[in-house]
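Those sequence lines, one after another, are chains A and B. All residue numbers for the first sequence refer to the working numbering, where the first residue is 539 and numbers rise by one. All residue numbers for the second sequence refer to the working numbering, where the first residue is 6 and numbers rise by one.
Mixed in with the good hints there might be a few duds.
Some, not all, of what chain B presents toward chain A, calculated at C-beta under 7 Å [what the hints assert, rightly or not]:
| hint | residue |
| --- | --- |
| 1 | P49 |
| 2 | L92 |
| 3 | K103 |
| 4 | G107 |
Keep in mind the hints are simulated off the structure, nothing from the lab. Note that the Cβ used here is the ideal one computed from N, Cα and C, for glycine as well.
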Amino acid sequence: DAGVTQSPTHLIKTRGQHVTLRCSPISGHKSVSWYQQVLGQGPQFIFQYYEKEERGRGNFPDRFSARQFPNYSSELNVNALLLGDSALYLCASSSLLAGANYEQYFGPGTRLTVT
Amino acid sequence: EDQVTQSPEALRLQEGESSSLNCSYTVSGLRGLFWYRQDPGKGPEFLFTLYSAGEEKEKERLKATLTKKESFLHITAPKPEDSATYLCAVLGTDSWGKLQFGAGTQVVVTP
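If we strip away everything but chain B, and leave its shape as in the complex, we get (with noise of 0.2 Å):
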């Protein structure tokens, strides 16, 4: 059975103060790894997909890579509106539609 762990479970940052969140994962095959944001009460707002190991994406103050075993997503110089809950999640490829998730990182930013 697919398995995500995410660590740390809970981050407060200063404003500026940069740093990485872990995915790990276990999956027969991969079809590929999301990344999502989630404020209080919403849904989880896409951010990223990887599909193998060695991608990077970016967008703005954050930057997802993968492993064959893990992800990481770091948030260079966040700002306070970067506070939310990063959710991990993986497609594995005996599934068209299950995303298996991970139980987040929430991430709160100090000015």
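For reference, chain A alone in the conformation it holds in the complex (with noise of 0.2 Å):
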């Protein structure tokens, strides 16, 4: 069975730029969620979203945005990059059907660097 997917693995970006970041779940998920993980710590909520709506949002800027499409993949905008966005962007799949577990599942990330 495929896993989460992620697309793409690496990415460097300059200081203003726009980046989007794709994830494809494990199939049959519907919940895509995002997070954001500098080195050395743990990985930081930005996104749920769960039958193309947004369920929950992290403490992270308006330059940060998500969709979900009718395949249930998801895309991670984030604009106006700032150093500090540098990190690996994380997509984690779960079920969420009525009497299922919460469980999510993570891709291999997406590395962004900002220079």
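Please assemble the complex out of the two chains, which come individually in their own frames, going by the hints.
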């Protein structure tokens, strides 16, 4: 079974630019969550989407936005990049069906470097 | 606000030397506590979910336990391939998808 996939694997951008990161969840999963992980820290929650609607938002500026498509894949967009946005961006999928567990399964991540 | 604190920050073990990692948490209501393993530059790999105090889960050399305020990950007779960062996260009852992570414990097992 295919796990969570993310693209691209690595990305180098310049300050002020815009970036789009992509995620495909595990087949049958309808919820996607995005996390930012800075070196040496645990992942920080950015967004959760379920059935194409935003269901949760973390403490991130409005430069961060996301959406979920009818096939449940998702995009994370970051505008006006800052050096501090350099991090590993993780996507996680979960089922959230009634009676299901709340386990989230992570993709390999996208390493974003802002110069 | 949910909080998770993991200790120690780093742990160096000899192969076969058992030890325990601690995860202390505060949450208004607990949906679940999760343990993940993360290798450098990779995404976290799911290990266990614990839902209520007293629950225990095992997988190979790893055993996770849960009380009302903390969880332990016991590593029995570790091997070098158990070297990784172990992350603990909680999901509160006020959220369906926001995992609150600790900073992790970096474990190095030497032959």
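Results for each hint:
The beta carbon of B:P49 comes within 5 Å of a beta carbon in chain A, closer than 7 Å, and the hint placing it at the interface holds. This hint holds: B:L92 has a C-beta 6 Å from the nearest C-beta of chain A, less than the 7 Å allowed. Interface restraint check for B:K103: the shortest CB-CB distance to chain A comes to about 5 Å, inside 7 Å, so the restraint holds. Proximity of B:G107 to chain A holds as hinted, the smallest CB-CB distance being about 5 Å (cut-off 7 Å).
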